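**Student:** These are the residues of each chain, in order.
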Amino acid sequence: MILVFAESTKGQFKKSVFEAVTYGAKLAASMGTTCAAVTMGEVSDAGQLGIYGAAKVYNVAGVGAFDSQVYSSVLADAAKQLEAQVVIMPVSSTGKAIFGRVAVRLGAGCVSGVNALPNLDGGFKVKKNVFSGKAVAEYEITTPVKVISLMGNTLPPESTGAAATVEALDIAVPAAKVRVKEVKTIDGIVPLPEAELVVSAGRGMKGPENWGMIEEMATILGATTACSRPVADTGWRPHHEHVGQTGVAILPNLYIAVGISGAIQHLAGVNQSKVIVVINKDPEAPFFKAADYGVLGDLFEVVPRLNEALKKYKAAN
Amino acid sequence: MKLLVCVSKAPDTTSKISFTDNNTVFDESGIQFIMNPYDEWYSLVRAIELKEQAGGTVTLVNVGPASNDVIIRKGLAIGADDAARIDMDPKSALSTAQQIAAFAKEGSYDIVFLGKETIDYNGAEVGSMLAEMLDMPYISFATKLDVAGNTATVSRDIEGGSEIAELETPFVISAAKGLAEQRIPNMRGIMMAKRKPLNVIAPVEVAEQIKTVQFELPGEKSAVKMVDPENMDELVRLLHEEAKVI
Ligand SMILES: Cc1cc2nc3c(=O)[nH]c(=O)nc-3n(C[C@H](O)[C@H](O)[C@H](O)COP(=O)(O)OP(=O)(O)OC[C@H]3O[C@@H](n4cnc5c(N)ncnc54)[C@H](O)[C@@H]3O)c2cc1C
Chain A
680 MILVFAESTK GQFKKSVFEA VTYGAKLAAS MGTTCAAVTM GEVSDAGQLG IYGAAKVYNV
740 AGVGAFDSQV YSSVLADAAK QLEAQVVIMP VSSTGKAIFG RVAVRLGAGC VSGVNALPNL
800 DGGFKVKKNV FSGKAVAEYE ITTPVKVISL MGNTLPPEST GAAATVEALD IAVPAAKVRV
860 KEVKTIDGIV PLPEAELVVS AGRGMKGPEN WGMIEEMATI LGATTACSRP VADTGWRPHH
920 EHVGQTGVAI LPNLYIAVGI SGAIQHLAGV NQSKVIVVIN KDPEAPFFKA ADYGVLGDLF
980 EVVPRLNEAL KKYKAAN
Chain B
199 MKLLVCVSKA PDTTSKISFT DNNTVFDESG IQFIMNPYDE WYSLVRAIEL KEQAGGTVTL
259 VNVGPASNDV IIRKGLAIGA DDAARIDMDP KSALSTAQQI AAFAKEGSYD IVFLGKETID
319 YNGAEVGSML AEMLDMPYIS FATKLDVAGN TATVSRDIEG GSEIAELETP FVISAAKGLA
379 EQRIPNMRGI MMAKRKPLNV IAPVEVAEQI KTVQFELPGE KSAVKMVDPE NMDELVRLLH
439 EEAKVI
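Chains A and B, in that order, give the protein sequences. Heads up: the first sequence begins at 680 in this note's numbering, then just goes up one per residue. Heads up: the second sequence begins at 199 in this note's numbering, then just goes up one per residue.
Hint data in this document are derived by calculation from the structure and do not stem from the laboratory. Remember, predicted model here, so these are calculated numbers, not experimental data. Honestly, I wouldn't trust all of these hints.
[As the list claims (entries may be wrong)] Computed cross-link-like contacts, EDC-like style, restricted to lysine to aspartate or glutamate with a CA-CA straight-line distance of at most 20 Å:
| hint | chain 1 | residue 1 | chain 2 | residue 2 |
| --- | --- | --- | --- | --- |
| 1 | B | 442 | A | 837 |
| 2 | A | 990 | B | 440 |
| 3 | A | 735 | A | 724 |
| 4 | A | 991 | B | 439 |
| 5 | A | 863 | B | 344 |
| 6 | A | 804 | B | 406 |
| 7 | A | 860 | B | 344 |
| 8 | A | 885 | A | 895 |
| 9 | A | 953 | B | 414 |
| 10 | A | 689 | B | 357 |
| 11 | B | 423 | A | 961 |
| 12 | A | 993 | B | 439 |
| 13 | B | 342 | A | 861 |
| 14 | A | 856 | B | 364 |
| 15 | A | 991 | B | 440 |
| 16 | B | 423 | A | 977 |
[As the list claims (entries may be wrong)] Short, incomplete list of chain B residues facing chain A, as computed with Cβ under 8 Å:
| hint | residue |
| --- | --- |
| 17 | 235 |
| 18 | 295 |
| 19 | 325 |
| 20 | 330 |
| 21 | 338 |
| 22 | 356 |
| 23 | 359 |
| 24 | 362 |
| 25 | 408 |
| 26 | 412 |
| 27 | 414 |
| 28 | 422 |
| 29 | 431 |
For every residue, glycine included, the Cβ atom is placed at its ideal position computed from N, Cα and C.
Given these sequences and hints, build the entire structure.
**Tutor:** Shown next as structure tokens:
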């Protein structure tokens with residue numbers, strides 16, 4: 680059986696969970712088994728995971744604020760009780776904190792950040808990006824139980840089934856040692872690792888006062904904003920917007936880069952984007968080599984023009 | 199406070215990546231190695247700052263061959279007190295964590311620091327594994343760490359925001375941007391580093407649970423399609439009709 684950890688925030692699932700369940704259901708089908716999902720604490724409408732292919736949905740009650748020791752103990756015990764062959768979780772702050780712990784608890788071989796369905800031909804082989812997106816590695820997991828985490832946007836969630844009934848799973852919840860005091864999130868913005876559309880800008884913007892047009896483009900598109908490292912380092916934009924080798928690695932469907940030169944460290948974190956648009960006034964900017972569409976021109980003229988064109992398109996569609 | 203900082207080597211960020219042995223082994227020839235930026239810039243510096251405030255020791259630990267000594271000496275020059283190198287070429291996150299766990303168990307450290315991930319294999323796995331092996335709490339992707347007595351206040355990155363928590367030592371913590379500001383070693387630090395102890399330790403026996411099948415380089419991008427800067431309607435049309443992303 681394949682077990683997907685369906686993490687929730689304030690009782691809600693993110694898209695990455697639906698992706699992981701879809702992935703788990705597809706893997707289960709090719710392994711001739713079924714996929715189940717396990718949720719923790721209070722979750723509203725956990726049964727909806729059935730729609731994405733979970734044959735069963737389990738809930739472990741009594742799990743509170745995040746503590747990696749508690750979550751990994753519960754998940755590993757659930758995997759043992761349900762005799763899971765493969766445990767899948769999304770790449771997320773929660774996933775990254777418990778991934779290694781769960782693998783150690785289960786004595787399972789593990790690969791994090793997997794970006795395609797496993798190749799089951801002569802073993803259990805999975806691929807992931809390495810060297811910050813400069814290469815892809817294929818690993819074979821050789822243990823009977825396997826733990827993997829799934830990169831966001833690897834495959835779209837597919838609604839194939841009907842809602843499942845939720846069954847309570849009786850698992851001891853250890854006491855937390857970490858006391859969560861406060862959770863601060865900016866509501867209404869899709870976080871960068873999950874974003875399908877990203878509008879990013881660099882030093883070519885000249886100063887933070889010019890970011891209005893970048894935010895406008897993001898609003899028109901429903902995109903998340905990002906920036907290059909020097910822009911975050913000089914405080915023009917917040918640190919969490921910094922993408923690249925030493926920032927957030929992203930793989931959106933569309934990445935629009937405005938006034939960014941395309942240094943190798945920047946490209947490392949963004950070159951997995953499905954479509955890249957580069958707006959730059961320097962024909963020699965290295966970013967053009969990594970781009971699908973290029974616009975050679977002054978961003979202060981091009982971006983307002985693009986925003987008008989996008990508005991026109993949005994109004995018509 | 200006894201602080202342990204795990205440091206890893208990583209290829210310089212400008213490195214061109216290639217492979218040998220039928221694409222199964224990373225080709226290290228001509229690669230300049232550096233200390234993994236998250237280890238050097240944030241985790242090591244925050245440990246040194248805590249020692250400066252409250253006293254104690256900062257020990258570095260690296261799993262790797264003798265060629266890593268240059269990187270370890272740099273860490274000593276930045277301000278660590280002593281270092282241990284576990285003499286093994288690390289093959290996976292698991293075996294790396296097992297080596298560090300065996301070493302750390304001997305030392306009863308209050309806080310074990312790591313960088314949030316390495317920039318080569320990008321696993322972010324070692325910290326979580328190590329915390330489990332040491333049976334300690336784990337704070338991942340920390341952007342803030344303050345310690346008073348044996349109680350720590352931490353802030354860590356979560357999706358679209360941050361989480362603030364409290365816990366008691368001992369624990370394992372991984373450092374993200376914001377935890378500290380990079381320090382450049384000065385001449386005095388470099389001179390002193392030469393005399394600081396760097397102990398070479400024999401590895402414990404470990405069994406691998408994954409095998410590298412092969413590496414691939416991403417396919418070449420097809421040539422960029424240039425769009426007239428006067429005609430942004432055309433770009434929007436291409437994104438909608440050709441690329442189908444909006
Ligand atoms: C160890 C290390 C790690 C790093 N990690 C990262 C990382 O994670 N992410 C990252 O982004 N960088 C990283 N860097 C920095 C990287 O090397 C580059 O310095 C950085 O990406 C450059 O940012 P930029 O493109 O915004 O600025 P610049 O390189 O200054 O480029 C600005 C661009 O804007 C264009 N421009 C200027 N004015 C206009 C205009 N009016 N209209 C149109 N175009 C205009 C210019 O032609 C130029 O191409 C790292 C560096 C090191 C050494």
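**Student:** Taking the hints in turn, state whether each one holds.
**Tutor:** A quick look at each hint next to the structure:
1. At roughly 19 Å between alpha-carbon atoms, residue 442 of chain B and residue 837 of chain A fall within 20 Å of each other, so this suggested pair holds.
2. Pair hint residue 990 of chain A plus residue 440 of chain B holds up; C-alpha atoms about 19 Å apart against a cutoff of 20 Å.
3. The straight-line distance between the Cα atoms of residue 735 of chain A and residue 724 of chain A is roughly 13 Å, inside the 20 Å bound, and the hint therefore holds.
4. A distance of roughly 15 Å separates the Cα atoms of residue 991 of chain A and residue 439 of chain B; the hinted pair therefore holds under the 20 Å criterion.
5. Between the alpha carbons of residue 863 of chain A and residue 344 of chain B the distance comes to roughly 18 Å, so the proposed pair stays at or under 20 Å and holds.
6. Distance hint between residue 804 of chain A and residue 406 of chain B is fulfilled; the C-alpha atoms sit about 15 Å from each other, no more than 20 Å.
7. Taking the CA atoms of residue 860 of chain A and residue 344 of chain B, the gap is about 14 Å. The hint holds against a cut of 20 Å.
8. With a CA separation close to 17 Å, the supplied pair residue 885 of chain A and residue 895 of chain A stays within the 20 Å bound.
9. Note on residue 953 of chain A and residue 414 of chain B: the hinted pairing holds, with a Cα-Cα distance of about 18 Å set against a maximum of 20 Å.
10. For the hint pairing residue 689 of chain A with residue 357 of chain B, the CA-to-CA distance comes to about 13 Å; that is within 20 Å, so the pair holds.
11. This hinted pair checks out: residue 423 of chain B and residue 961 of chain A have alpha carbons roughly 16 Å apart, not beyond 20 Å.
12. At most 20 Å may separate the alpha-carbon atoms for a hinted pair to count; residue 993 of chain A and residue 439 of chain B meet this at roughly 14 Å.
13. About 14 Å separates the Cα atoms of residue 342 of chain B and residue 861 of chain A, which keeps this hinted pair within 20 Å; it holds.
14. The straight-line distance between the Cα atoms of residue 856 of chain A and residue 364 of chain B is roughly 9 Å, inside the 20 Å bound, and the hint therefore holds.
15. Taking the CA atoms of residue 991 of chain A and residue 440 of chain B, the gap is about 18 Å. The hint holds against a cut of 20 Å.
16. Proposed proximity of residue 423 of chain B and residue 977 of chain A is supported: the alpha carbons are some 18 Å apart, at most 20 Å.
17. About 5 Å separates the beta-carbon of residue 235 of chain B from the nearest beta-carbon of chain A, less than 8 Å, and the hint is met.
18. Evaluation of the residue 295 of chain B hint against chain A yields a held restraint, the C-beta minimum of about 7 Å falling below 8 Å.
19. Satisfaction of the interface hint for residue 325 of chain B is found here, the shortest Cβ-Cβ separation to chain A being roughly 7 Å, below the 8 Å cut-off.
20. Because the beta carbon of residue 330 of chain B sits about 4 Å from the nearest beta carbon in chain A, less than 8 Å, this interface hint is met.
21. Satisfaction of the interface hint for residue 338 of chain B is found here, the shortest Cβ-Cβ separation to chain A being roughly 4 Å, below the 8 Å cut-off.
22. Given the 8 Å rule on beta carbons, the hint for residue 356 of chain B holds: about 4 Å separates it from the nearest Cβ of chain A.
23. Hint status for residue 359 of chain B relative to chain A: holds, with the closest Cβ pair at about 3 Å, below 8 Å.
24. Among the interface hints, the one on residue 362 of chain B holds; its C-beta lies about 4 Å from the nearest C-beta in chain A, closer than the 8 Å criterion.
25. Given the 8 Å rule on beta carbons, the hint for residue 408 of chain B holds: about 5 Å separates it from the nearest Cβ of chain A.
26. The beta carbon of residue 412 of chain B comes within 5 Å of a beta carbon in chain A, closer than 8 Å, and the hint placing it at the interface holds.
27. Interface hint at residue 414 of chain B: satisfied, since its Cβ lies 5 Å from the closest Cβ of chain A, which is below the 8 Å cut-off.
28. Annotation: residue 422 of chain B was flagged as interfacial toward chain A, and the flag holds, the nearest CB pair being 4 Å apart, inside 8 Å.
29. About 5 Å separates the beta-carbon of residue 431 of chain B from the nearest beta-carbon of chain A, less than 8 Å, and the hint is met.
Checked against the numbered hints above, the structure violates none of them.
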